[in-house]
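Chemist: All chains should be modelled from the sequences, with the hints used to inform the complete structure.
2 protein chains.
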Amino acid sequence: MADNGGNVENNQGDAPISKKAQKKAQKEAEKAAKKAERQAEQAAEAEAEAGDDFAKDLYGNYPLIQSQNKIERKIYRVEELTADKIDQKVWIRARLHTSRSKGKQCFLVLRQQQFNCQGLLCVSDKVSKPMVKFAANITKESIVDVEGVIAAVPQPIESCTQKDVELHIEQIFVVSPAEPRLPLQIDDAARAEGKDDDDSSLATVGQDVRLDNRVLDLRTTTNQAIFRLEAGVVQEFRAAMKKRDFVELQIPKIISAASEGGANVFTVSYFKNNAYLAQSPQLYKQMGIAADFERVFTIGAVFRAEDSNTHRHLCEFVGLDMEMAFKYHYHEALDVIGSVFNDIFRGLRDNFQTEIQTVRRQFPSEDFKFLDPPLRLEWPEGIKMLRDAGIEIDDLEDLSTPNEKFLGRLVKEKYDTDFYILDKFPLCIRPFYTMPDPNNPQYSNSYDCFMRGEEIMSGAQRVHDSKFLLERAKHHNIDIEKIKAYIDAFRYGAPPHAGGGIGLERVTMLYLGLDNIRKTSLFPRDPKRLTP
Amino acid sequence: MADNGGNVENNQGDAPISKKAQKKAQKEAEKAAKKAERQAEQAAEAEAEAGDDFAKDLYGNYPLIQSQNKIERKIYRVEELTADKIDQKVWIRARLHTSRSKGKQCFLVLRQQQFNCQGLLCVSDKVSKPMVKFAANITKESIVDVEGVIAAVPQPIESCTQKDVELHIEQIFVVSPAEPRLPLQIDDAARAEGKDDDDSSLATVGQDVRLDNRVLDLRTTTNQAIFRLEAGVVQEFRAAMKKRDFVELQIPKIISAASEGGANVFTVSYFKNNAYLAQSPQLYKQMGIAADFERVFTIGAVFRAEDSNTHRHLCEFVGLDMEMAFKYHYHEALDVIGSVFNDIFRGLRDNFQTEIQTVRRQFPSEDFKFLDPPLRLEWPEGIKMLRDAGIEIDDLEDLSTPNEKFLGRLVKEKYDTDFYILDKFPLCIRPFYTMPDPNNPQYSNSYDCFMRGEEIMSGAQRVHDSKFLLERAKHHNIDIEKIKAYIDAFRYGAPPHAGGGIGLERVTMLYLGLDNIRKTSLFPRDPKRLTP
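Protein sequences, first through last, are from chains A and B.
According to full-length UniProt numbering, the first sequence is numbered sequentially starting from 1.
According to full-length UniProt numbering, the second sequence is numbered sequentially starting from 1.
Take these hints with a grain of salt, some might be off.
[Stated by the list, open to error] Not the full set, but computed from the structure, chain A residues with beta-carbon under 10 Å of chain B: (1) Ser-176; (2) Ala-231; (3) Ala-301; (4) Ala-473; (5) His-475; (6) His-476.
[Claimed, not checked] What follows is a set of in silico ranges between Cβ atoms, one per label pair, in the way DEER data are often shown: (7) Glu-179(B) x Glu-392(A): 46 to 52 Å; (8) Lys-405(A) x Arg-181(B): 30 to 36 Å; (9) Asn-516(A) x Ala-192(B): 17 to 23 Å; (10) Lys-528(B) x Ile-391(A): 50 to 56 Å; (11) Asn-264(A) x Gln-185(B): 38 to 44 Å; (12) Lys-327(A) x Glu-454(B): 40 to 46 Å; (13) Leu-64(B) x Asn-516(A): 42 to 48 Å; (14) Thr-401(B) x Ser-400(A): 54 to 60 Å; (15) Asp-57(A) x Asp-307(B): 53 to 59 Å; (16) Asp-394(B) x Pro-180(A): 43 to 49 Å; (17) Asp-307(B) x Gly-60(A): 49 to 55 Å; (18) Leu-202(A) x Asp-307(B): 52 to 58 Å; (19) Arg-181(B) x Lys-327(A): 26 to 32 Å.
[Claimed, not checked] Computed list of lysine-lysine pairs in DSS-like fashion (alpha-carbon distance at most 25 Å, straight line): (20) Lys-140(A) x Lys-102(A); (21) Lys-272(A) x Lys-27(B); (22) Lys-243(A) x Lys-70(B).
Calculated from the structure, these hints are not laboratory results.
From a predicted model like this one, the values you see are computed outputs, not experimental measurements.
Note that the Cβ used here is the ideal one computed from N, Cα and C, for glycine as well.
Modeler: As structure tokens, this is what we get:
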């Protein structure tokens, strides 16, 4: 390091030097020498530490895991760190959520999905000073392997899900490092929005920033819970279907003709021709009924090229669709639909409380209420309730979104339920394949289901007679040529049948009382968003 | 009717009439009069019969079922008609499969999905002559409600699934009539193909006629069984996933960039821009892993714009995709994949024997054999087996379809299994995101699974480090801009992970030993078929 000092002098070169300049140079040289000395000291100290470091094999960065070795090691989950395991030494793999170093200590919050715990490194005979430094410098969101002893804490750790214990860390390795600058902070993304308390000055993350950085956004405990619950809706729906002997069919998404009129349909280049993305699996599941499957369901993507930028429209969503042959009256099907929904609601309530409570910490909502059997109203009753509450509405006029929501509120007040079925829709506002009411041709054998006042399923008895279907299609000015395969499906005997299509993301959104369907779509597609 | 005779004369009009012509006219008039008389007689007879008909309320056509009435009636299923119910009177609803009338008797075969039974109407004090006539005239494939008494039969009815009983019909109503001319006969469509026996002269139905009339074709007991078993594959896959704590994710089908190079991708008009149909959910399920879901699966449509007209390619098929974080070695994931397949095979074997046996009656196949744990070979072993059998093949050359099938046969001979995993594929024939083998850079941590010698799953450990991923993408000349969101997903810490995608239709086809994937796709899409 003395060489450095020498250089300072040499740098003055051959130029004539004043006394003042000489003195200055002297001072600088002294300064530099002192600095060099300090650096040398620090380096020596570090070297000494490293050489000495009794803990040097107990921390560090793994090389890229390319499956070099098979390691037999029991690894616990964060949620398993509980008070009954105090004094046990365990390995966990988790994300470094946050860290805070304080003298000879470093506190870490380790996160795994919906769960987190506190970890602590403290200089001791097991943990060296460089080890604590290393831990303190690990970037947030890095994945780490940690070994530690589960210890009791004097008072509950309110900021963690594992409140009663902390982990006294004895080994720590980085499995996969995160870049230091995160496009969003998980804590900000997880903060409850619009709370009128002291925290209102703290940052939250806007919808678009979230969606632009969805992989990070999805790591919040809230999102982990939302999408686990959404998977739960699918699981409960399927279990309800299986219990009732429905067969799952796989239905094509690419279709040859825009079957429901041609508006709002995406066009696909299909080799040398055009094709379309199905706006609903309905025509195909009906063909499944005409093909003798009797009770069918299908789960899959549904596409709508609607330029609707609302809180509840997506251009691609997941349909939970069902269709069943019935014997004499479509209420046989409607009874099944009602009980399927109740199965789903019971399943969510009984099996997903952790998720529900987790979501509520960020987005408060009230318990979802439902009746058994579900409330069923007929259209004229709904209209009457609206009129009695001062809304002007015609007998056969479709419900606007505000009226739909308002009716939901009225129903909630009167019947104390967040779910109900509205039966007997006016024929004129339903598709051509809807069976007219035999008693009043202005109405139809069709229904919608509502959750917290918003429509989440539409369904009907379908016309199962090809001649009558043709008549209804002509009445609606449908291009008959384009739906020939559909009409033909009913020429060779078809049982009377009814069904409906449920929007998955809407069910999740409304069950959890969320305000935007983009919160319940993993990678939402709308007119303005197609990435990531 | 006398008016008609008169008209013949009047038709001669005012023209002059020759004797000959007069005679002819006379004769015709007489003829017409006689015909009219006969008709009148028949009508009277019919009327008399009808008037007399003690059974007239016991048969007929239902009006269109528009849900006029709620009828409480226990309706049995055809498969429930068994010898333990002899002398019971039951209602069933079924299709008229065939009918044969013989004097005062009419035999019906009544079909419901995979099951059928014999029905018999016989003129008696309960069944009138007009009733038997009515039944004999019901068109095949019509849906009927039938009430009858379950009776023992002197010898088993070999042509029906319900061999030990027949139904002595006392009421019969047509629920939904089929048009008399069917585009294909269900019996022809259900006949075993290519059997070298006496029946080889009987008609079978070609693939295109079947698919053009898919709703009828699907009614064969074989197709009812195939698609029930296919639903079973999905169900068993899902159960296997749930058991292992995989979360089901819903992954978009419309994507902004052709992520895997741009070949073979369908283009969609997305408002004012172009978008694409996802060729695989893989990039998104990996994002699910980077987003902390740890173990994910997804079931959905996958699109390939390949102009391949083979027995095993479709332009739209169903992917059963899974992806999981592992701790140290991708074999942790491969072990899971192997046991998931074995769960599926066990589930099919144990829960779908009826379906398997039903399909075999038309398409014979041998039991599907598998080992527990599944056989796992490494690439060099596979190449050696081929070479030992006389095939010339380079170390790192991809398997052609004939070599793939041949290797399957060799494996079956040597190990007696229809399922195996081939591990350690050459790196050069795998996509850019495949993790290279740490011990030999010519190979990779990737694998395929095979059933009866054909590939049904492809998978790998993926590169989970963004810098290395970028390097690999550049090496493959991928347009980095187009996969930015994908690479970015790994910048903020990602666990090592591996997974794979299973083709549903291929699994069903190969499990059942079928020869064409169009037999296991409900409404297949290929370069030449987009309907129905």
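Chemist: If a hint holds in the structure, say so; if it doesn't, say that too.
Modeler: Structure-based check of each hint:
Among the interface hints, the one on Ser-176(A) holds; its C-beta lies about 5 Å from the nearest C-beta in chain B, closer than the 10 Å criterion. This hint holds: Ala-231(A) has a C-beta 4 Å from the nearest C-beta of chain B, less than the 10 Å allowed. Interface restraint check for Ala-301(A): the shortest CB-CB distance to chain B comes to about 5 Å, inside 10 Å, so the restraint holds. Residue-level restraint check for Ala-473(A) is violated (minimum Cβ-Cβ distance to chain B is 16 Å; threshold 10 Å).
Taken as an interface hint, His-475(A) does not check out: its beta carbon lies about 16 Å from the nearest beta carbon of chain B, beyond 10 Å. A least Cβ separation of about 18 Å between His-476(A) and chain B goes past the 10 Å threshold, and the interface hint is therefore violated. Roughly 49 Å separates the CB atoms of Glu-179(B) and Glu-392(A), a value that falls within the hinted 46 to 52 Å. Separated by about 52 Å at the C-beta atoms, Lys-405(A) and Arg-181(B) break the suggested range of 30 to 36 Å.
At roughly 56 Å, the beta carbons of Asn-516(A) and Ala-192(B) sit outside the given window of 17 to 23 Å. Our hint of 50 to 56 Å for Lys-528(B) and Ile-391(A) holds, since their Cβ atoms are close to 55 Å apart. Checked against the hint of 38 to 44 Å, the C-beta distance between Asn-264(A) and Gln-185(B) comes to roughly 40 Å, which is consistent with it. The hint said 40 to 46 Å for the Cβ distance between Lys-327(A) and Glu-454(B), and at roughly 43 Å that hint holds.
Checking the proposed 42 to 48 Å range against Leu-64(B) and Asn-516(A) shows it holds: the Cβ atoms sit about 44 Å from each other. Between Thr-401(B) and Ser-400(A) the C-beta distance comes to about 58 Å, which sits within the given range of 54 to 60 Å. Range check, Asp-57(A) to Asp-307(B): Cβ separation about 58 Å, and the 53 to 59 Å hint holds. Checked against the hint of 43 to 49 Å, the C-beta distance between Asp-394(B) and Pro-180(A) comes to roughly 46 Å, which is consistent with it.
Between Asp-307(B) and Gly-60(A) the CB atoms are about 53 Å apart, so this pair conforms to the stated range of 49 to 55 Å. Look at Leu-202(A) against Asp-307(B): about 56 Å separates their beta carbons, and that is inside 52 to 58 Å. A hinted range of 26 to 32 Å for the beta carbons of Arg-181(B) and Lys-327(A) is consistent with their spacing of about 28 Å. Only pairs whose Cα atoms come within 25 Å are accepted, and Lys-140(A) paired with Lys-102(A) is accepted, the gap being roughly 17 Å.
With a C-alpha separation of about 66 Å, the suggested pair Lys-272(A) and Lys-27(B) falls outside the 25 Å cut-off, and the hint is violated. Straight-line distance between C-alpha atoms of Lys-243(A) and Lys-70(B) comes to about 24 Å, which keeps the hinted pair within the 25 Å bound.
Comparing the model with each earlier hint shows violations of hints 4, 5, 6, 8, 9 and 21; every other hint is respected.
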